[in-house]
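Work the whole structure out from these sequences, hints included.
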Amino acid sequence: MASVATQTSRQGSGPASGQAAAATLVQTPRATRTTIYLKMLMAGSGLIFIGFVLLHMYGNLKAFAGHDAFDEYAHHLRTMGTPILPESGALWIIRTVLVLSLVVHVYAAVTLWRRARRARTVRYQVKKHTGAIFASRLMRWGGVTLLLFIIWHLLNFTIGKVNVQGGATNDPYNLLVDTFDTWWLTLIYLLAMTMLGAHLHHGTWSAMQTLGLTGTERARVRSKRLAFAVAVVVTGGFSLVPIFVLAGVITK
Amino acid sequence: MRVTLKIWRQPDAATAGAMHTYELDTVSPDMSFLEMLDVLNEQLNAAGEEPIAFDSDCREGICGMCGLMINGEPHGPEVTTTCQLHMRSFKDGDEITIEPWRSDAFPVVRDLCVDRGAFDRIIQSGGFISVNTGSAPEAHSIQVPKEAADRAFDAATCIGCGACVAACPNGSASLFMGAKITHLGELPQGQAERDNRVVSMVSQHDHEGFGGCTNIGECTAACPKEIPLDVISQMNRDLRKALQHGH
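Note that the protein sequences, when read in sequence, are chains V and H.
The opening residue of the first sequence carries number 1 in the working numbering; numbering runs sequentially from there.
The opening residue of the second sequence carries number 1001 in the working numbering; numbering runs sequentially from there.
Simulated from the structure, these hints should not be mistaken for lab results.
All figures in this text were calculated on a predicted structure; none of them were measured in a lab.
For each residue, glycine too, the CB sits at the ideal point set by N, CA and C.
Heads up, a few of these hints could be off.
As a list, the in silico DSS-like pairs of lysine-lysine whose alpha-carbon atoms are at most 27 Å apart [as the list claims (entries may be wrong)]:
1) V:Lys252 to V:Lys62
2) V:Lys128 to H:Lys1091
3) H:Lys1006 to H:Lys1146
4) V:Lys127 to H:Lys1146
5) H:Lys1006 to V:Lys128
6) V:Lys161 to V:Lys224
7) V:Lys161 to V:Lys62
8) H:Lys1006 to V:Lys224
9) H:Lys1241 to H:Lys1091
10) V:Lys127 to H:Lys1006
11) V:Lys62 to V:Lys127
12) V:Lys128 to V:Lys252
If you want a taste of the chain H side facing chain V, the calculated C-beta under 8 Å gives, among others [to be verified]:
13) Ala1105
14) Ile1216
15) Glu1226
16) Pro1228
17) Ala1242
Some but not every residue of chain V turned toward chain H, in silico, with C-beta under 10 Å [unchecked claim]:
18) Ala43
19) Ala219
20) Lys252
Given below as structure tokens:
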């Protein structure tokens, strides 16, 4: 039988710091209403993003094969899946999945973030973060940074096609070279990729832990190594093209 | 040795609290941390001041009552409980900040005492097995593999002190729940209620206002019983299985 004792006391620096919480038992528990379910949605959408950035990074490396190979690859993204799918059909399916994943990921992040803030309304005067890697403490603000970056990145290369050097925007390879020839744009991209690496370093491990795949010490160590490898591969792979453009190796 | 103590004082849950500073210069390195607070309280008593309220019971590291946030770490700088922490872990002239566990699910009762009733309700909602009581059954009638027994025992060393919640940046009690779910889930007696257990306990945890886990690992670093993060993965896995079974 449920405890019905009402608890009016609540921790706070003042009596008005929070309303009373009733100390009752949950009568109809549902797995889909738990924080863990929300975290699983976050982990699942995160894994979709990991798959996406790995493929995206691979595509970018085509820049090393020259103008024609890169543009052919870019064009193929629009024709893949045809004739079963219409022109750009596969691309729109991918875009839809990514946008839905983003909505789920951000919704879960915001909900859990707000929940965490409510769970400790009186802060410690002194708090150490023993046992936490730095990347794990960057997840939330790092996620906000990545969201802003993604908006800029889409304006830069997809929706707006902004060429800061004033050159042509209808040629993917030339737009790429013009963009990364600009030192401050390359700097923004490299900083964003570092933040992405930090996000993936903790996020990849965290997703596997949330999905319950790391139930032994060995599995935990392995998944942490895998997470680090994913972070290094993605950040390193994405950084190569901007660096080599700026260094004058990849040119128009 | 001489220490400067900055301690959270709060007369009751409804009144605002604040940090107070006390000087103590008769501290022996051989004193336990709680004995040092006892000495301070004797001084306060002698001076006619209200002594500092803090929880303690067994003072041998097994009951889980004596949780204090010491210099930003639950139970202080050593991997042990506050009662098993000794003043030799500090230096002469140190400033020591002492705060209660900060979690809205653990309201401050007075000074450094918090109400951890939320943990009791999490256990009440599913942290048990339903068996007929009576004389102990024959030990060999239900066999448990050595590895499962070891893991169950390691998880069962959780004393429910709340250090995991105190350390967690999200104020989550996942390590506490994971320990109980792993303990019972490794044993044959825990199987019948396994799905219900995880769903009920996690639902109660969320209802109490604890935060969600972000797998950072500060809980396991603070745990005086060194419960590993694996138990949280086990809990997540159990919840995933429960979902698959239609809960």
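Can the hint on Ala219 (chain V) be confirmed by a CB-to-CB distance to chain H that is less than 10 Å?
holds (8 Å)
Does Ile1216 (chain H) pass the interface check with chain V, least Cβ-Cβ distance below 8 Å?
holds (4 Å)
Satisfaction of hint between Lys1091 (chain H) and Lys128 (chain V), Cα-Cα up to 27 Å
Since the Cα atoms of Lys128 (chain V) and Lys1091 (chain H) sit roughly 18 Å apart, the hinted pair holds (cutoff 27 Å).
So if I understand the rule, the pair passes when the alpha-carbon distance is 27 Å or less; does Lys1241 (chain H) with Lys1091 (chain H) pass?
violated (50 Å)
For a C-alpha distance cap of 27 Å, please report whether Lys127 (chain V) and Lys1006 (chain H) respect it.
holds (14 Å)
Quick check on Ala1105 (chain H) please, does its C-beta sit within 8 Å of some C-beta on chain V?
holds (7 Å)
Could you grab the alpha-carbon distance between Lys252 (chain V) and Lys62 (chain V) and see if it respects the 27 Å cut-off?
holds (14 Å)
Check the hint pairing Lys161 (chain V) with Lys62 (chain V) against an upper bound of 27 Å on the C-alpha distance.
holds (19 Å)
With the threshold set at 27 Å, check whether the alpha-carbon distance from Lys1006 (chain H) to Lys128 (chain V) stays at or below it.
This hinted pair holds, its Cα atoms lying about 16 Å apart.
Ala43 (chain V) as chain H interface residue, shortest Cβ-Cβ below 10 Å
holds (9 Å)
Pair hint Lys128 (chain V) and Lys252 (chain V), alpha-carbon separation not exceeding 27 Å
Outside the cut-off at roughly 51 Å; violated.
Taken at face value, is the distance from the CA of Lys127 (chain V) to the CA of Lys62 (chain V) at most 27 Å?
violated (47 Å)
Violated hints, listed in ascending order, are 3, 4, 6, 8, 9, 11, 12, 15 and 20; each of the other numbered hints is respected by the structure.
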